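Just need the whole structure built from these sequences, with the hints factored in.
Each chain, written out:
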Amino acid sequence: MEAAVLRYRVMAYITGVVLVFLCFVGIPLQVAGHPAVANNVGVVHGILYIIYLVFAWILSRKLQLANKPTVIMLLAGTVPIMTFIVERWITRRFITPALASQAETAEPVSPRAS
Amino acid sequence: MVRPWAFSFQRYPHGMENAAPIEGTGLADGAGPADGTGLAAAAAPAPSGPGWRFLVAPRWLGWHLLMAVSFWGMLWLGDWQFHRALSGNALSWAYTFEWPLFAGFAVVFWTKTIRDEFRIKRGETLTGSAEEAESLPFGVGMIQARAAQSATPADDEDPELSAYNAYLTRLNAEVKNHGRWHGLR
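Listed in order, the protein sequences are those of chains A and B. Letter 107 of the first sequence, counting from 1, is numbered 107 in the working numbering, and no numbers are missing. Letter 68 of the second sequence, counting from 1, is numbered 1068 in the working numbering, and no numbers are missing.
Among these hints, one or two may not hold up.
[Unchecked claim] In silico EDC-like cross-links for lysine to aspartate or glutamate, where the CA-CA straight-line distance does not exceed 20 angstroms:
id, chain 1, residue 1, chain 2, residue 2
1, A, LYS68, B, GLU1117
2, A, LYS68, B, ASP1116
3, A, LYS68, A, GLU87
Simulated from the structure, these hints should not be mistaken for lab results. Please read all numbers here as calculations on a predicted model, not as lab measurements.
Rendered as structure tokens:
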């Protein structure tokens, strides 16, 4: 679970940073007549997004998410800045409770043991 | 814990083998409303009982429609990029292969999602029943539901320990609810 969370988080941030760079540096340069940056970064983002999709989907299965948050999570990689917002939302709403419940089942609370 | 890549048919003793082919034909048909009727017609002879009925509920029909539209949309975009690539746009070759890959992801993800849903309805990984799974509010996963279930004091413990556990649960809930939306404001 922790490994899946880490993989998702790393890919969310990398994909997010590359997409922000593409949209706020590459696209203006393209409009200004220098399309090389947008072209190359665009392809890189496409490849990163594929990896992001796989990791995000694996995590969504481990968290047993409903369809709606899963789709939001997967599509977040295509909207600038959205990966950061969605990553925080998923963490607060799903990852933290899931990890907490995992810890609870792994080590039952027992004051007598100490 | 769910291991997405470790599905095997042995875990679905009856009827589950139909999940993937049904969804495949549903997507191949393309039309949204036809998905539901196709599913109903194909799944009816299966001995799996009423377990598949949630697939033709309005909400799930909406999901089927969304998946079918996005699948064909992505194939269409791939075709468009392919024609752009043929007409001399070298950059389009990357996207020519990317879009069908995304379309394939959609099919695989959707098939596995439906399989998971069948398993949850069967209660194979859960202590709760299918009715409980259906009545969960939006955004509350099965893990959270199970955590809430395990948080209720067990009756085989002594009262002191269960009181302490209840106290911990209450503290935990308070901490979780406090500042829930911090960071988004």
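Comparing the hints with the structure gives:
1. Of the supplied pair hints, the one linking A:LYS68 and B:GLU1117 holds, its CA atoms being roughly 14 angstroms apart against a limit of 20 angstroms.
2. This hinted pair checks out: A:LYS68 and B:ASP1116 have alpha carbons roughly 15 angstroms apart, not beyond 20 angstroms.
3. Between the alpha carbons of A:LYS68 and A:GLU87 the distance comes to roughly 15 angstroms, so the proposed pair stays at or under 20 angstroms and holds.
Of the hints listed earlier, there is not a single one the structure fails to meet.
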